[in-house]
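> Sequence:
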Amino acid sequence: MDEHSTKTNILLVDDRPDKLLALQTMLEDLNENLVSVRSGNEALRQLLREDFAVILLDVNMPGMDGFETAAMIRKRKRSETTPIIFVSAVNDTENHVSRGYSLGAVDYILTPVVPEILRAKIAVFVELFRKTEQIRRQAEEHAELVREQAARAEAEAARQRLSFLAEASNVLAGSLDYSQTFQNLASLVVPRLADFCIIDRLDEADRLIQVTAMHRDPAQQHLLEKIRYPEPGETHIALRVFETRRSELCENLTPQMIDEGFGEDAALIREIGARNFIAVPLISRDRILGALTLVNISDRPCSHSELSLAEELAQRAALALDNAALYHAADRARHEAEAANHAKDSFLAMLSHELRTPLTPVITSLINLESNSEVPDSMRHPLEVIRRNVELEARLIDDLLDLTRVGSGKIHLNPEVVDARSLLNNAIEICRPDIAAKKLELTLYSELETAFVRADPARLQQIFWNLLKNAVKFTPAGGIAVKLVGEVDGRLKISVADTGLGISADFLPRIFKPFEQGSSAKFGGLGLGLSITKALVDLHHGEIHVESEGIDKGATFTLYLPLTKAPDARPETRNASPANDRAAINILLLEDNIDSNDSLTMLLQLRGYKVTSAYDVKSAIRHAQENDYDVLISDLGLPDGTAGEVMSIIAERSAGVGIAISGYGMEDDIKRSRSYGFTHHLVKPVEVGRLGTVLDDLPKRRKRSRPLV
17 MDEHSTKTNI LLVDDRPDKL LALQTMLEDL NENLVSVRSG NEALRQLLRE
67 DFAVILLDVN MPGMDGFETA AMIRKRKRSE TTPIIFVSAV NDTENHVSRG
117 YSLGAVDYIL TPVVPEILRA KIAVFVELFR KTEQIRRQAE EHAELVREQA
167 ARAEAEAARQ RLSFLAEASN VLAGSLDYSQ TFQNLASLVV PRLADFCIID
217 RLDEADRLIQ VTAMHRDPAQ QHLLEKIRYP EPGETHIALR VFETRRSELC
267 ENLTPQMIDE GFGEDAALIR EIGARNFIAV PLISRDRILG ALTLVNISDR
317 PCSHSELSLA EELAQRAALA LDNAALYHAA DRARHEAEAA NHAKDSFLAM
367 LSHELRTPLT PVITSLINLE SNSEVPDSMR HPLEVIRRNV ELEARLIDDL
417 LDLTRVGSGK IHLNPEVVDA RSLLNNAIEI CRPDIAAKKL ELTLYSELET
467 AFVRADPARL QQIFWNLLKN AVKFTPAGGI AVKLVGEVDG RLKISVADTG
517 LGISADFLPR IFKPFEQGSS AKFGGLGLGL SITKALVDLH HGEIHVESEG
567 IDKGATFTLY LPLTKAPDAR PETRNASPAN DRAAINILLL EDNIDSNDSL
617 TMLLQLRGYK VTSAYDVKSA IRHAQENDYD VLISDLGLPD GTAGEVMSII
667 AERSAGVGIA ISGYGMEDDI KRSRSYGFTH HLVKPVEVGR LGTVLDDLPK
717 RRKRSRPLV
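First residue of the sequence shown? That's 17 in the numbering used here, and the numbers climb one at a time after it.
Simulated from the structure, these hints should not be mistaken for laboratory data.
Careful, some of the hints might be misleading.
[Said to hold, decoys possible] Calculated pairs, DSBU-like style, for lysine-lysine (alpha carbon to alpha carbon, straight line, at most 35 Å):
#, residue 1, residue 2
1, K634, K485
2, K509, K454
3, K489, K455
4, K137, K91
5, K634, K687
6, K529, K499
7, K485, K687
8, K23, K137
9, K687, K626
10, K147, K137
11, K454, K489
12, K137, K35
13, K35, K93
14, K93, K137
15, K581, K529
16, K569, K489
17, K509, K489
Put together the whole structure using the sequences plus the hints.
Spelled out as structure tokens, the structure:
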């Protein structure tokens, strides 16, 4: 430490330099810090800057004399007790001395000054100043120590408080069950915050009920369960928290307060020995869920600090209870939604079955009539119109089922490397009759001989067919241009442009949403084709876009798909089985709908197959046990059993295969048919060409006819 800073300040005030020099000479042996000034104003300025142990003040000075300076010094709080010694050459003790002492002077010295006496007097005041400063510093240090200890204690209390609340949050978040959450809350409180606690809540009828009570002494637990809950309107402290939504604090529970606040429970509260309590409401989202009551039977403190902690705990508990309520509500909603979704799927499956089943005999009968040479030419066009509209009806049913599959994520692809150009040509051929009927001109431009992509061939052809059907539907006159080009980024670009009705700018963003038809609703349909097309394109990792300059200016749909390498060379597939090969295929047809059975039997027989018809499971089992069959063609919705019973017999007896034909086309239905042992699942109404292809592609099987054990 600097030597100057350890010295005590002494202020010397005199207007004469020689007298100041004399005073400095007398006091220099004290080795203190002597500050000399020549006027009262300079003395006051020095006192503003620092403190002095003693002031030697000349009485007679020009301007502000010593007495006036002393009066000003005493007005300043910091210097009001600083010792002042007057020095004067005037020997007028009655006036000067009395006036000096009246201004707070501690001494009055006449000149000439005796150096030894002056040094002795000054030394006393210097020592007194040092002692005073030492005591002041010790007091400040002690106060600082007390403050630090209090701060440490407060910080430790805050740490313990935060630790407890953090633990509370973890415990309360550990369960989404109401009763378990309340029990966890009670376990937190007892015995850490209270000797026992009670947790109440309002039931659905707004009645107060106890859900959890916990005592630190298990032997006293039964007393808490005896507490009676009041009716609304009764005077009861527990009920008051619910009515006011404000916390209650009672630091000293007197007998009178017990009698006035607990009604019929007063005797029980006295028996329990309650001495103080805290009751806080559990409120979340402005709804009161319950109340937490902390009660002490010991000298445990119960103050505003404990109340604040209980309120913070109550906030966390209310949040946990609200989360539990939201979880249970969401869980109930999820189960209800799943049940509704299951009911919807079941309804759609049943609806599709009921709608498809009567279409099968209609189409098969139409095909039989169209192939009959005896039918007059004048009837062939009406028959074609009927068949085309029945197939359209089946397509609408398929759209509904596809939408359900898209929504539930149940569309599964069977990708392989296919020629997109070939599938596009197939889709164009399917639409040829509709194009010709409206006298539209279709142009196809392709800069690629082949365009191989990895896709599900059936679904990719469905995409092409949907886009072409959409163009034909909304083009009353003019033409359709289809382009197939290769992009530099390795993608295949296919565009379908028409000169039809066009799309308004406000409808373009909604064009791929289900059931959106805009002003085109008058053209019929369900508004599902483009939505399903978009979903199928996404599943193929492609993109689809639409452009239109407006109403009556046509529209262009552009599809992008990743190109891939050509597939490895495969052995040539054999042609359709000739009639003598078909005659060797023995088919068991199981269909309970008589019309469908008869028409499909006739169609298969006309194509050269050997067919045995069965109308129920019982007769089909009898046929399967008595004869060898290469193929079982069976409906799935049978009244007296399952197709799996028959399939297992045919597979075991003659290694036959199964083709399921069903009006049920949902994903679960396909899985069910596979679980029965069927290798194919065709949806009604049966596409005869598809059925013929499946039958012709069946591998030759060695029959191993043997009796079933």
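> With reference to the structure, classify each hint as holding or not holding.
Taking the hints in turn, this is what the structure says about them:
With a C-alpha separation of about 44 Å, the suggested pairing of K634 with K485 is violated against the 35 Å cut-off. Simply put, K509 and K454 have alpha-carbon atoms about 27 Å apart, close enough for the 35 Å limit, and the pair holds. For a cut-off of 35 Å, the pair hint linking K489 to K455 stands: about 12 Å separates their Cα positions. For the hint linking K137 to K91, the alpha-carbon distance of about 25 Å falls within 35 Å, and the restraint holds.
At most 35 Å may separate the alpha-carbon atoms for a hinted pair to count; K634 and K687 meet this at roughly 24 Å. With a CA separation close to 25 Å, the supplied pair K529 and K499 stays within the 35 Å bound. A C-alpha spacing of about 31 Å is found between K485 and K687, which places the hinted pair at or below 35 Å, so the restraint holds. Among the hinted pairs, K23 with K137 is consistent with the structure: their alpha-carbon atoms are about 17 Å apart, no more than 35 Å.
Taking the CA atoms of K687 and K626, the gap is near 29 Å; set against the 35 Å cutoff, the hint holds. Among the hinted pairs, K147 with K137 is consistent with the structure: their alpha-carbon atoms are about 16 Å apart, no more than 35 Å. Simply put, K454 and K489 have alpha-carbon atoms about 9 Å apart, close enough for the 35 Å limit, and the pair holds. About 18 Å separates the Cα atoms of K137 and K35, which keeps this hinted pair within 35 Å; it holds.
For the suggested pair K35 and K93, the alpha carbons sit about 29 Å apart, so the restraint of at most 35 Å is met. Straight-line distance between C-alpha atoms of K93 and K137 comes to about 24 Å, which keeps the hinted pair within the 35 Å bound. About 33 Å separates the Cα atoms of K581 and K529, which keeps this hinted pair within 35 Å; it holds. Annotation: proposed proximity of K569 to K489 holds, straight-line Cα distance about 15 Å (limit 35 Å).
Distance check on the hinted pair: K509 and K489 sit about 23 Å apart at the alpha-carbon level, within 35 Å; holds.
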